[in-house]
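Per this note's numbering, the very first residue in the sequence shown carries number 1; after that it's consecutive.
Since the hints were made in silico from the structure, they are not lab data.
Any given hint might turn out to be false.
Derived SDA-like pairs (lysine to any residue); straight-line CA-CA distance at most 25 Å [as the list claims (entries may be wrong)]:
(1) 191 with 219
(2) 262 with 308
(3) 146 with 328
(4) 159 with 197
(5) 159 with 209
(6) 262 with 194
(7) 410 with 28
(8) 285 with 246
(9) 127 with 197
(10) 164 with 205
(11) 353 with 228
(12) 285 with 338
(13) 164 with 192
(14) 271 with 261
(15) 191 with 2
(16) 103 with 228
(17) 164 with 345
(18) 71 with 192
(19) 127 with 224
(20) 2 with 146
(21) 112 with 151
(22) 71 with 13
(23) 115 with 19
(24) 191 with 224
(25) 338 with 144
(26) 254 with 209
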Amino acid sequence: MKFTILTIDDEENIRNGLADNFELEGYEVKQAASGKEGLQLIEKGDIDLVITDLRMDGISGQEVVNQVTSKYPGLPIIVLTGHGSIEDATSAIKMGAYDFLTKPLDLTHLNKIVKNALQGRELALQKTQLLKELNNFKTLDKMVGKSAELRKVSETISKVAPSKATVLITGESGVGKELVADAIHNLSNRKDKPFVKVHCAALSESLLESELFGHEKGSFTGADTMQKGRFELAHGGTIFLDEIGEINQSIQVKILRVLQEKKFERVGGEKTIDVDVRIVAATNKNLEEEVKAGRFREDLYYRLNVVRIQMPSLRERKDDIPLLVKSFLREFNLENEKNVTGFDAKSKAAILKYNWPGNIRELRNCVECAVVMCNGEEITLEDLPVSVRESVEDKNIIIPHGITLDEAEKIIIQNSLTIAGGNKTKAAQILGIGRKTLHRKLQEYGMESESTEEIED
C-alpha cells in the first residue's frame, strides 16, 4: 500500500524539502500553502497522514489539528513548530495530534515518526475492514442457505446496502423479504439510525396515511394530540414499506413526493416537513401488471424499482431446506425444552418433495408443529402437517415438456434421492447405477448439497 502524505506550510522551501524527502522514502506527497488549502485537500480524501506548521496566516496549525481530529478520527497529524512554541505544540498533542517536532527538522527522526504513524494507520484500517466484513457476515448469515440463488441475493445486498439507492424486494409471501430489508439497513451507513417498518396491508386507507405521515391535533375525530408519522420517525435512517402493492393511489402520490422532493405534510397540517430517509419496499404482487391495470402509479414504480432484489421461492432453492430445517429444529428444541435429534427417512422425503407454497414461513411452522407433536427422539411422518404428509403419496415423476435431457435426468435423480430419504446408496440402487456414478452426476449438476443426509448430521 502506497501512502499519501499532505504537508501544510506557508514556507515554500520547507514544503519542497519535505516533499523531496518523502518521495525518496516512497510516499506520494501533496502540498498546501495554507491551512484552508490543506483542509480542502483533506476533505477530498486519499490522505493518510498530515504534517502541518503551527504558525500560519489565516487558519492556524492548531485549527487544522482541531478540525482533523474531530472530523477525521484516526487520521494521524504531526505538528511542526519553532523552539518558542513548545507550549502550543503540547496543546496540539492534547487535542489529538500524533506527535510534534521542532525546527530545524531532523529528517531521520521525522521519517521514523512518520513510519510508525502510518503503520498504526494501516493496522487501524485493516481492523476496520475486518470488523466490517465480520458484521456483513453476521448480518447475511441470518439468511440461512448456501444455494446459488441465495448467494446471488447476498451479493446484491452487499453491493446496494452502502449506496443511497431505493430498493424494491419482490417475491412470494413467506420467502424472507423482511430479512433482506434488515440486511440492507444493517449493512448501510444508516445502520445507527432508526429502522422503521410498516406493513401497509395491515392498515386501512385513513389509518395508513396517518401512520406514514403523522397528523396534527384535531385533524380528525380522535386526534387529540399531534402525532409524528413513520417517515418523520425514520429521519436519517431507513423505512421499510412491506406489501407496498396494497396502498391506494392517493397515498402513492404522497410517497412519490417524499422520493422526489423529500418533503411532506402531516394529515391536517400546513407545515412542510423535510425528511432524509431511505425507502426499501417489498411486495408479493407483480407491480408491472398492477401498473398496466391502472392500480399502481407508473412513476412511483420506477422510483421504487431503482435496484430490484427478487427473492427466490423455497421450491427454487430446495438445496437450502436441510440447513433451514436444522436451524428451525434447534430453535424449537430450545423453545419447547425438547431434544429431538432429527427426522426419519419418510419424514425427510416428505419435506424435500413438498413444494412449500408458503415458502420459508410454512417450513418454519411445519418444523415447529413436528417438534411439538414428536414423542420420541426422531420426527416421523405422522408428526408432520397433513399437507406435507400427503406429498409422499404421489409416486409419479412430472417431467415438463421442452426441457433438455440433462434437466430431465436431474429431476429423476432428485426424485430418487427424495424417495430414498437422502440415502445416496439407496438412490443409486433405485436408479440402477453405482454410487460413484451418482456422486459424479450430483457434482456435474451442482446437486451435491441437495442430499437429505445433511438433515441427519
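Each hint tested on the structure:
1. With a CA separation close to 34 Å, the supplied pair residue 191 and residue 219 exceeds the 25 Å bound.
2. With a C-alpha separation of about 21 Å, the suggested pair residue 262 and residue 308 falls inside the 25 Å cut-off, and the hint holds.
3. Taken as a hint, the residue 146 and residue 328 pair is honoured in the structure, with Cα atoms around 16 Å apart against an allowance of 25 Å.
4. Distance hint between residue 159 and residue 197 is fulfilled; the C-alpha atoms sit about 22 Å from each other, no more than 25 Å.
5. Restraint check for residue 159 and residue 209: the C-alpha separation of about 32 Å exceeds 25 Å, so the hint is violated.
6. Distance hint between residue 262 and residue 194 is fulfilled; the C-alpha atoms sit about 17 Å from each other, no more than 25 Å.
7. Between residue 410 and residue 28 the CA atoms are separated by roughly 57 Å; this puts the pair beyond 25 Å, and the hint is violated.
8. About 9 Å separates the Cα atoms of residue 285 and residue 246, which keeps this hinted pair within 25 Å; it holds.
9. Between residue 127 and residue 197, the direct Cα distance comes to roughly 32 Å. Violation of the 25 Å bound is thereby established for this hinted pair.
10. Taken as a hint, the residue 164 and residue 205 pair is broken in the structure, with Cα atoms around 29 Å apart against an allowance of 25 Å.
11. The straight-line distance between the Cα atoms of residue 353 and residue 228 is roughly 49 Å, outside the 25 Å bound, and the hint therefore fails.
12. Proposed proximity of residue 285 and residue 338 is contradicted: the alpha carbons are some 39 Å apart, above 25 Å.
13. A C-alpha spacing of about 15 Å is found between residue 164 and residue 192, which places the hinted pair at or below 25 Å, so the restraint holds.
14. About 15 Å separates the Cα atoms of residue 271 and residue 261, which keeps this hinted pair within 25 Å; it holds.
15. The hinted pair formed by residue 191 and residue 2 fails the criterion: a straight-line CA distance of about 31 Å is larger than 25 Å.
16. Only pairs whose Cα atoms come within 25 Å are accepted, and residue 103 paired with residue 228 is rejected, the gap being roughly 59 Å.
17. Distance check on the hinted pair: residue 164 and residue 345 sit about 48 Å apart at the alpha-carbon level, beyond 25 Å; violated.
18. At roughly 18 Å between alpha-carbon atoms, residue 71 and residue 192 fall within 25 Å of each other, so this suggested pair holds.
19. Taking the CA atoms of residue 127 and residue 224, the gap is about 51 Å. The hint is violated against a cut of 25 Å.
20. Proposed proximity of residue 2 and residue 146 is contradicted: the alpha carbons are some 37 Å apart, above 25 Å.
21. As the CA atoms of residue 112 and residue 151 are separated by approximately 46 Å, the hinted pair breaks the 25 Å bound.
22. With a C-alpha separation of about 29 Å, the suggested pairing of residue 71 with residue 13 is violated against the 25 Å cut-off.
23. With a CA separation close to 15 Å, the supplied pair residue 115 and residue 19 stays within the 25 Å bound.
24. A C-alpha spacing of about 34 Å is found between residue 191 and residue 224, which places the hinted pair above 25 Å, so the restraint is violated.
25. As the CA atoms of residue 338 and residue 144 are separated by approximately 22 Å, the hinted pair is consistent with the 25 Å bound.
26. Using a Cα cut-off of 25 Å, the hinted pair residue 254 and residue 209 holds, with the two alpha carbons roughly 9 Å apart.
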